[in-house]
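Read off the chains here:
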Amino acid sequence: MTQTKAGIRIEDLHLSFGDTKVLEGIDMVIEPGEFFAFLGPSGSGKSTLLRAIAGFGPTPRGRILIGDRDIANLPPWKRNVGMVFQSYALWPHMSVRRNVAFGLEERRLPAREIGPKVERALEIVGLLHLADRMPAQLSGGQQQRVALARTIAIEPQVLLLDEPLSNLDAALRVQMRRELLALQRKLGLTTIFVTHDQEEANTTSDRMAVLDKGVIQQIGTPQHLYDQPANAFVAGFLGTANILKGALQGAEFVTAGGQHLPVAAMVKGANCIVLRPQNIHISMSDGTIAGRVAHREFLGSQIRYLVDTADGKIIVDTLHSSGRPPYDEGAPVSLAIDSQNAPLLVA
Amino acid sequence: MPNTSQTASSGFTLFPRLSGAAVAGILIAIFLMAFLILPVAQVIYVAFLEARTGSFTLQNFQDFFSTTLFRESFVNSFYVSLMSVVVATVIALPLAYITTRFNFGGAAVIQALGVIPLIMPPFVGAVAMSLLFGRNGSINLLLNQYLGFRIPFMEGLNGVILVQSIHYFPFILINLSASLRNIDRSMEEAAQNLGSYGMRMFRRIVFPLAMPGYLAGAALVFIKVFDDLGTPLLLNVNNMLAPQAYLRITGVGINDPMGYVISFILVAFSVFSLWVSFLFMRGKDYATVQKGGGGLSRRDLKPREKWLAWGVILLILAMVLSPHIGLLLLAFGTIWSFSPLPDGFTVQHFGTIFTQSSQYVWNTLVYAGSAAVVDVVLGTAIAYIVIRTGLPGRKWLDYMATAALAVPGVVLGIGYLRMFHGIQLPFGLGQMSSFWGIIIVALAVRRLPYALRACMAALQQVALSLEEAAESLGASRSSTIRRIVVPLMTGGILAGFVTSFATAAVELSATIMLVGRSSDAPLAYGIYLYMQSPAGRGPGAALGILAVVIVAVGTYLSQRIIERERARQTMTGDQH
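If you read the protein sequences in the order shown, they are chains A and B. Residue 1 is where the first sequence starts when you use the working numbering, and the numbers rise one by one after that. Residue 1 is where the second sequence starts when you use the working numbering, and the numbers rise one by one after that.
For reference, chain A alone in the conformation it holds in the complex (with noise of 0.2 Å):
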């Protein structure tokens, strides 16, 4: 299955449902061969974004382009994407084997042709053997792979994936998202991946984009955005967050309730510091931010406080040896903060 790589630019693309506006200015380029994932909540337009790629829903204002092909204004069956469906969306009235072939037998390519691919894409995603049953009688996760072997099996420039996991049991979810990425690694597929989950982005993509409120919030390797957060938003959807507000005062940053931090690397007119909960250091005097532990949750490996401060409330967590005892409810304690570990934001 020869693929030719496309890449993906998509230029000042703007949409409304009616008066709604779903997506505003989105520009983005999204190399060939890339795994990229496009992460926000429900409503962000992240879905709707996708579907404008695939040319399903209003039509957007701006550019799409595969390849050097301007797509924007083509009907989706004149796209060559190909799209998993959230609800895979197989046809029950047919077998496997005939809804695999059903976007070759569309393009009309002779019947001597699509045997062969059709088995192919079917032996791709290890489901040759169940050819010749109904989609009724197949699990979730077989489902799931029948719905990506129809889509390879048109080779498509592009694959778009609209929260493929989403449908699928929790054990099942890690080991698809295995699969999916050995897949695409194998077919070096230029692919968008749809999803809430920050966990299934971060594992997968090369690269991802944020989206919040039909607005890209920012784009770029999972590991960046979980450190160098552009805003409190990306902040706070990947992963934990404290965020306390302040001003830049030389080489410190001065929290609204009065404490002075040490700054690693310097943003301008930087007003946010972000403190991840595992690099504050929890002791009973060793710190510089004074609280009282407020409440206490053991998570197993992990032992989560929740610290009145100055500030208001300041999660922190630390790893869990037996034979240390843990600090009680109401408890003085000290946070200590890792300066190369907080980073600044403009809010």
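Among the hints, erroneous ones may be present.
Stated by the list, open to error - No farther apart than 27 Å at their CA atoms in a straight line, the calculated lysine-lysine pairs in the BS3-like style are these:
1) B/K302 <-> A/K21
2) A/K245 <-> A/K213
3) A/K78 <-> A/K117
4) A/K78 <-> A/K186
5) A/K78 <-> B/K395
6) A/K245 <-> A/K21
Keep in mind that the hints were calculated from the coordinates and are not lab data.
Position chain B relative to chain A; hints supplied.
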């Protein structure tokens, strides 16, 4: 379902002493055996009996198929039913397609089109239709005068096909629209994504997915037409199966085996069609594979398409309204013969029916009212026993009651005549088979399936915890049913009552067999009698208008009740 019934059954045992539910269940079973199962079984049994010796034989069937008239009747019934399905499909398909695929301003009109035909029993409009579309009806007179030709809309079997398909196409429209609406939008999008579009996509994806709903509706239309007695009788088309059965039994006599052979054929076809329809709805339950729902994507119509759509809809509207218009003209017209419109207009016919025929109206109110009461009482009891108790064999009550759907009215009527004709009732009520009370029983049995569905639905809405709360506060089972369950079911029971009443009020096929004398006759029979003579058509049509009003008001009320209940359920839904 099995879970709820099992939880309810704990602490509830049939033995050592019979509970109230068990007694009720046994009484209902006896009632259904006596008035549904045994009469029908007897009809089938007699079909296989040698009339003189009483031994088993297939001779009757051989006689049936070697008689030209019966062979012709069989072929005609089959042909008329099939063609009615075809014509009904031609009417329903564009309507279903327009409402589900496009943003169309006239959606409300289409919805109305799905209801208007059903409020008029087909036999009521039949005579009016022949005055409009018959050889010398309004349309053909005009056609002949201006264009010099006639169209045989109502000639022989055509008339039955036209009247039936105009009446029954809503069954196809409703089922087909529902299944088009249930198709997940992603089914269509996936096809487009893979390069399919337009008519090709419709043929390969949309139509196959809508097929089960269509076939279920088509099977229903087929069997309704196949079983119908009133319409062919009023159009004077006697060479069909149901009229033949009626004419043999009333003309030749209760012992003529041909009536039973025909009944057997009618029942066999009914059971077969219902089974086919059931199979298509169940066996291909596509909904389990489709997760989203939400219907196909709709697009706006281009101006020319909009005109075309309105044209089609107005044409169908005119057809659908024609029996109603014809009936109004007949009821308010003086003399209407060989002219496009009646010679003059009058309200005299209404005067006639109120002075001469008010007994028809009263009889109808008494019969349909009593039958509806019997239905909701039985329906509530069966629903409770099936859903809430662990009584052994409780499902069979449901099956038995629902089996009435597969029994044509003619067959039930013949069964009653056969079973009850020798039985003398006390107190001077005469023979049981011609006693007016038996009409009530027949109506109740025929409408029980509808009332039962309404009661089942209503009971399923009542959370089990509401009953358990009453019981834990010390209420006995019977006072829980009386004070909690039945009041909460009121809406559904009422809807069941109204539906049973409105449809029983215009039923003709069983009652026509059982009416002993004219003073015992209901409205539908009165219409039939009046329509026999040209002079009686005016008063007959006036009675027909009354029947339409009764059904229309009934339909409206049950719709309102169901909507109100639904609103109430969603309001209180978060509490349980």
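Hint-by-hint comparison with the structure:
1. B/K302 <-> A/K21: 26 Å, holds
2. A/K245 <-> A/K213: 23 Å, holds
3. A/K78 <-> A/K117: 20 Å, holds
4. A/K78 <-> A/K186: 26 Å, holds
5. A/K78 <-> B/K395: 54 Å, violated
6. A/K245 <-> A/K21: Answer violated: A/K245 to A/K21 is near 30 Å, above 27 Å.
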